[in-house]
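Peer 1: From first to last, the protein sequence lines are chains A and B. Using the working numbering, the letters of the first sequence correspond one by one to residues 1 to 501. Using the working numbering, the letters of the second sequence correspond one by one to residues 502 to 1002.
Check each hint, because a few of them may be wrong.
Think about it this way: if two alpha-carbon atoms lie no more than 25 Å apart in a straight line, the pair counts; the simulated DSS-like pairs of lysine-lysine are [unchecked claim]:
#1 B/K523 to A/K472
#2 B/K606 to B/K596
#3 B/K595 to A/K431
#4 B/K868 to B/K919
#5 A/K444 to B/K747
#6 A/K86 to B/K905
If you are wondering where the hints come from, they were derived from the structure by calculation, not from laboratory data. These numbers were taken from a predicted model, which means no experiment stands behind them.
Spelled out from the first residue to the last, the chains are:
Protein chains: 2
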Amino acid sequence: MLKLKSKFLNIGAGRAVVLLNKDDAEELSVHMSDRVILKCGKKSKTAIVDLSEKGVAKGEIGLFNEVKKEISGCKGRVIEVHVAEKPESVQYIKKKLDGAELKQKEMDAIISDVVNDRLSDVELSTFVAASYIRGYSIDETAALTTAIFNMGEGIDFGNKVVDKHCIGGVAGNRTTLLVVPIIASVGLKMPKTSSRSITSPAGTADTMEVLAPVSHSVKKIQKMVKEVGACIVWTGAVNLAPADDKIIRVRHPLSLDPQGMLLASIMAKKKSVGSDFVVIDIPVGKGAKIADINQGKELGHKFIELGKKIGIEVDCLITDGSQPIGIGIGPALEARDILLALQGKGPQDLVGKACDLAGKLLEMVGKAQKGEGKAMAQEILNSGQADRKMREIIKAQGGNSRIKPEDIKIGPEKAVVKSKASGKIKHIDNKLIARIAKTAGAPKDKSAGMDLHVSSGEDVHIGDALFTVYAKSKEKLREAIVLANKLPAVELGGIILEEIE
Amino acid sequence: MLKLKSKFLNIGAGRAVVLLNKDDAEELSVHMSDRVILKCGKKSKTAIVDLSEKGVAKGEIGLFNEVKKEISGCKGRVIEVHVAEKPESVQYIKKKLDGAELKQKEMDAIISDVVNDRLSDVELSTFVAASYIRGYSIDETAALTTAIFNMGEGIDFGNKVVDKHCIGGVAGNRTTLLVVPIIASVGLKMPKTSSRSITSPAGTADTMEVLAPVSHSVKKIQKMVKEVGACIVWTGAVNLAPADDKIIRVRHPLSLDPQGMLLASIMAKKKSVGSDFVVIDIPVGKGAKIADINQGKELGHKFIELGKKIGIEVDCLITDGSQPIGIGIGPALEARDILLALQGKGPQDLVGKACDLAGKLLEMVGKAQKGEGKAMAQEILNSGQADRKMREIIKAQGGNSRIKPEDIKIGPEKAVVKSKASGKIKHIDNKLIARIAKTAGAPKDKSAGMDLHVSSGEDVHIGDALFTVYAKSKEKLREAIVLANKLPAVELGGIILEEIE
């Protein structure tokens, strides 16, 4: 143990880190990324060690903001710094590396240490890599799901809570904003928590935010759901799965999606809001996250199996993910499409898909006979019930319930990209479309993005408009157009399919 | 691109990191652990992004010390911050995760990015985990070795350069300090670079430092080897394998020793000093790093095969690693043993083993006939030639060449640990002995450690001295003795081997 003078660095490190002078670290026999326990009065906090030769003097300890909070009142005071034993969970990570199947209590230990900042980035990345290579059994996946759920703040909404989820990857696929009001119209509870965009031009939370605030407390969410039956809020504002956010941080740099982690991450959040019935949208096809339909089916079976293990009835729809859905891509443009769709004037592919999903939920819950859910959903939409319900939701969340599609601010700069040839459209690539919309400024500029004027299989002639790009500034617009002219986002097919030499 | 005002944080992060305000990061579309390129005048530097809500204001960028150096002269000035593409090597890490065998140019890209701080801890840890689980082919190991070697600063010593290496794990096993002067006595060049302790009570560099300074420049090392034929210096002071140090930093927290990395790390350093002949000591047995002799042999064959691929003749000795070697454990106590051994008065197991290793080298180089190397080494030692050569080396490195064993400062506090029973010594555990010596203060306190008075197979009676612990202070001594009384470091065997019920 050493007694060191605390020094607030006034810098956030994104996790609980302290800075030790190299000499003091040597004295304590701790290395970079080891853990120490800080004690100040009755308070104590575990932190990860970072080393410095000059940043802090011998006899001092530098506290990043994340540590400061919990050792408040100790500025300038002497802190006891104890060497912490390696947490037990490090052994379990090693076990996973060596190919073992982790048990519930081992997953619990890992996830508890993740949430409490007792694992360094090195250890956490190793856990993710091991999970990726070794894979999870269904029992292990259920154990991780339960561990994540247990460490989060659950919200109770009573019985018959329904939910939907899409694994993502399809531009413009904003079905949630239609499914939720349809479902809530028949008196079912649908407390929908959604994410913001990570790599796409818009997440559901980004799009909803065009219509109403999405950051709400648990208390407020409970009140809204009680009053109007549903909400569409940002997951990040509630503490449903704190472990998940910390794991995603290290999954991002290598875009690692270990399937067991993906499943657990999604289902733990569903469990946290007490979902009883969940429908999952799995888009497959060229340019989607999953190219092969059989892989999509396999994933679907795993969701269903996992649901059984943790007490959620799951149904999966394998959908066509080979091209974008709807017209608008980007928060404002998508929100406009949603308002149009609620008035019966929206893009038909988006409306059809939303009714498929909502219909499936209506059947699962027993509100509709098998095979009749979609028609019921469509009827709810056509009757104007869903539109009224959506406006109740918007109002409950603090938005303008009288908003009209034309009120939504778009652009103001815009340019049309035209076809340079004639032919039949063979493919519209989700990833390339997303890149163009992001270059235009989405999702940070809510009003940026694009309207897509064509779809696969359509004939186009030279000079026909393919899409319109919207941006806040001329510079952003130019950047997006330069990219659009470079990328084969809309691909025309010729007559010749193959050439045999 | 954003223009941000630079702010020196005056803190080291251990790697090239910059702190961005969350809003600016969002503007740039960069996440935690992404990379940016900083440009200031003609200077440019890649750095890893860390995020902060309050540590730096919007419009500012915080520079940790490692970045400051290369963007000097830019304090308070505006820096251009560009989003860096993910380095190509991230793809290769992903390939390795997916089980592919990496090619030379892929390993080169990874190692170049490691050295130039273009990989985050997350990416680097993932590479280590993937290497650990997937393993390396011998070609891949050679590719990594070559990549590490290429990125380091090689030193040329001309022809017939010999070297030795021990994979470690045996307390007191300080043979290098005898092998080097024996070999240099016959006119061979042995520019030995050694490490400090990482987890043991003494590394070779720590022990040598009791006799002479070990941090020398490449120029100085070349001069010394030219003049006296050999040196025993600290690897860390020269830039032989900068990649290696950065990889070891992330291997440490989970004690991950992917075999391919271990082999490459050792052999790249041998190649860097131009070694032509290398003998490798692989201790095996209970309490050693490798318990099983067959595993030891397998490792030995890999060293030999790798040597062939990279042009080094390698011979391996599988040695008994089931108990400590010599008497003293800890830098000063080991240095004392070495001086005694050079005068013909040292521990016989240490002397015998050193002569085995030196003899093997003499045979490999053709100085001795096959089977006659050990006797020749012993003769060089007995004649006093090795003692004179060692004193030349000590002098060349700036130490006192007239130092006598009794000049070496030990303790001053000491206590004898006695046997609590009578019996035959069954096992002396390297790891437990090391823990006691470290608790006494070694290697940070050079004079701390222990003298071991017994060895396996010996009969002891109740009250016989097992070992003497030395420490700088009464507190340290007491801590070590408490531990010694708790741990079964010296284990007595009974007559009953097994009990069948």
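Peer 1: Hint by hint, say whether it matches the structure.
Peer 2: Checked hints:
1. B/K523 to A/K472: holds, 21 Å
2. B/K606 to B/K596: Distance ~13 Å between B/K606 and B/K596 Cα, so the pair holds.
3. B/K595 to A/K431: holds, 20 Å
4. B/K868 to B/K919: With Cα atoms ~46 Å apart, B/K868 and B/K919 exceed 25 Å; violated.
5. A/K444 to B/K747: This hinted pair is violated, its Cα atoms lying about 36 Å apart.
6. A/K86 to B/K905: The hint is violated at about 42 Å.
Hint compliance for this structure: hints 4, 5, 6 are broken, all remaining hints hold.
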